[in-house]
Amino acid sequence: DVKVTQSSRYLVKRTGEKVFLECVQDMDHENMFWYRQDPGLGLRLIYFSYDVKMKEKGDIPEGYSVSREKKERFSLILESASTNQTSMYLCASSPSTSGGVADTQYFGPGTRLTVL
Amino acid sequence: TQLLEQSPQFLSIQEGENLTVYCNSSSVFSSLQWYRQEPGEGPVLLVTVVTGGEVKKLKRLTFQFGDARKDSSLHITAAQTGDTGLYLCAGAPGGSYIPTFGRGTSLIVHP
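Line by line, the protein sequences give chains A and B.
Just so we're on the same page, my numbering is the position in the first sequence counted from 1, plus 11.
Just so we're on the same page, my numbering is the position in the second sequence counted from 1, plus 54.
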């Protein structure tokens with residue numbers, strides 16, 4: 012079974028703190044993604060990576076950065092956390108693209124981040 | 055503007071009832087996917103539909119991809135409390151492999 016793990020299920024941080032969210036997948040997938048999920052807004056893509064050290068901006072990258080030094084690990088960084096970054100953060104991985112058909116995304120359980 | 059529009063946004067029904075949720079777009083998709091997310095967990099893929107007009111069944115769940123590949127529906131027969139969750143449709147427009155998600159339909163099935 013594909014397993015995607017996230018470093019914390021719940022996290023509480025203060026405004027201005029630097030926050031690291033870690034994601035690890037064990038299926039040798041090329042692609043990894045970070046989403047945030049807010050009520051009524053669905054899943055919004057923050058960043059994704061299709062290879063080690065490669066990253067692409069998603070729909071809402073402002074205030075975030077990412078790091079992918081190893082294939083299995085994709086980190087999301089909030090340089091200076093703000094209250095409007097309080098949200099559920101979901102990491103996902105997928106195998107490499109297959110001819111235009113969206114690949115299955117495997118999600119982690121999510122990190123519920125609260126910024127006070 | 056949301057690329058994939060899901061309706062209804064909320065659905066609260068009794069066990070045993072049937073229901074249909076919809077996923078609509080003005081864009082053509084090479085495939086559409088349906089995920090279910092249970093409280094406190096990440097979404098899990100239920101099905102991928104690829105061919106226009108395709109119908110797939112997963113026990114009591116029936117998925118249909120529109121002939122023009124712009125819309126999809128999910129029908130649940132005789133809903134059970136275990137069907138409670140958030141149902142998300144996702145598609146990759148224009149041959150991209152990066153899916154975009156609808157906002158979801160939150161289903162609650164009461165015993």
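Keep in mind that a hint or two might mislead.
[Stated by the list, open to error] Derived Cβ-Cβ restraints for the label pairs, each shown as a range:
1) A:Ser-78 to B:Glu-92: 26 to 34 Å
2) B:Ile-67 to A:Glu-41: 18 to 26 Å
3) A:Lys-68 to B:His-164: 41 to 49 Å
4) B:Val-98 to A:Leu-52: 14 to 22 Å
5) A:Ser-107 to B:Arg-114: 32 to 40 Å
6) B:Phe-64 to A:Tyr-21: 45 to 53 Å
7) A:Glu-80 to B:Asp-121: 28 to 36 Å
8) A:Leu-127 to B:Ser-61: 18 to 26 Å
9) B:Asn-72 to A:Ile-88: 41 to 49 Å
10) B:Ile-67 to A:Leu-127: 18 to 26 Å
11) B:Pro-62 to A:Asp-70: 22 to 30 Å
12) A:Asn-95 to B:Asn-72: 33 to 41 Å
13) B:Thr-116 to A:Glu-80: 43 to 51 Å
[As the list claims (entries may be wrong)] Pairs of lysine to aspartate or glutamate, DMTMM-like flavour, derived with a Cα cap of 25 Å:
14) A:Lys-14 to B:Glu-59
15) A:Lys-14 to B:Glu-92
16) B:Lys-124 to A:Asp-62
17) A:Lys-24 to B:Asp-137
18) A:Lys-14 to B:Glu-95
19) A:Lys-14 to A:Glu-28
Hints listed in this document are in silico derivations from the structure and should not be mistaken for laboratory results.
Quick caveat: nothing in here was measured; it's all calculated off a predicted structure.
Built from N, CA and C at the ideal position, the CB exists for glycine as well.
* Take the C-beta atom of Asn-72 (chain B) and the C-beta atom of Ile-88 (chain A), compute their distance, and say whether it sits inside 41 to 49 Å. => holds (46 Å)
* Do the Cβ positions of Ile-67 (chain B) and Glu-41 (chain A) conform to the proposed distance bound of 18 to 26 Å? -> violated (40 Å)
* Asked: Per the hint of 43 to 51 Å, is the separation of the Cβ atoms of Thr-116 (chain B) and Glu-80 (chain A) within bounds?
  -> The hint (43 to 51 Å, Cβ to Cβ) holds, given that Thr-116 (chain B) and Glu-80 (chain A) are roughly 44 Å apart.
* Take the C-beta atom of Leu-127 (chain A) and the C-beta atom of Ser-61 (chain B), compute their distance, and say whether it sits inside 18 to 26 Å. => Given about 36 Å between the Cβ atoms, the range is violated.
* Okay, Glu-80 (chain A) versus Asp-121 (chain B) on CB: inside 28 to 36 Å? -> violated (46 Å)
* For the range 26 to 34 Å, tell me whether the beta carbons of Ser-78 (chain A) and Glu-92 (chain B) fit it or not. => At roughly 30 Å between Cβ atoms, Glu-92 (chain B) and Ser-78 (chain A) fall inside 26 to 34 Å, so the hint holds.
* Asked: Is the hinted range of 18 to 26 Å satisfied by the C-beta distance from Ile-67 (chain B) to Leu-127 (chain A)?
  -> violated (38 Å)
* Asked: So does Asn-95 (chain A) sit 33 to 41 Å from Asn-72 (chain B), Cβ to Cβ?
  -> The hint (33 to 41 Å, Cβ to Cβ) holds, given that Asn-95 (chain A) and Asn-72 (chain B) are roughly 40 Å apart.
* **Hint check for Leu-52 (chain A) and Val-98 (chain B) - Cβ pair distance inside 14 to 22 Å** => For Val-98 (chain B) and Leu-52 (chain A) the Cβ distance comes to about 20 Å; the hint holds.
* To do: With 41 to 49 Å as the target window, see if Lys-68 (chain A) and His-164 (chain B) comply at their CB atoms.
  => holds (42 Å)
* Between Ser-107 (chain A) and Arg-114 (chain B), does the beta-carbon spacing fit 32 to 40 Å? -> holds (33 Å)
* CA of Lys-14 (chain A) to CA of Glu-28 (chain A), is that 25 Å or under? -> Cα-Cα ~29 Å, so violated.
Hint compliance for this structure: hints 2, 6, 7, 8, 10, 14, 16, 17 and 19 are broken, all remaining hints hold.
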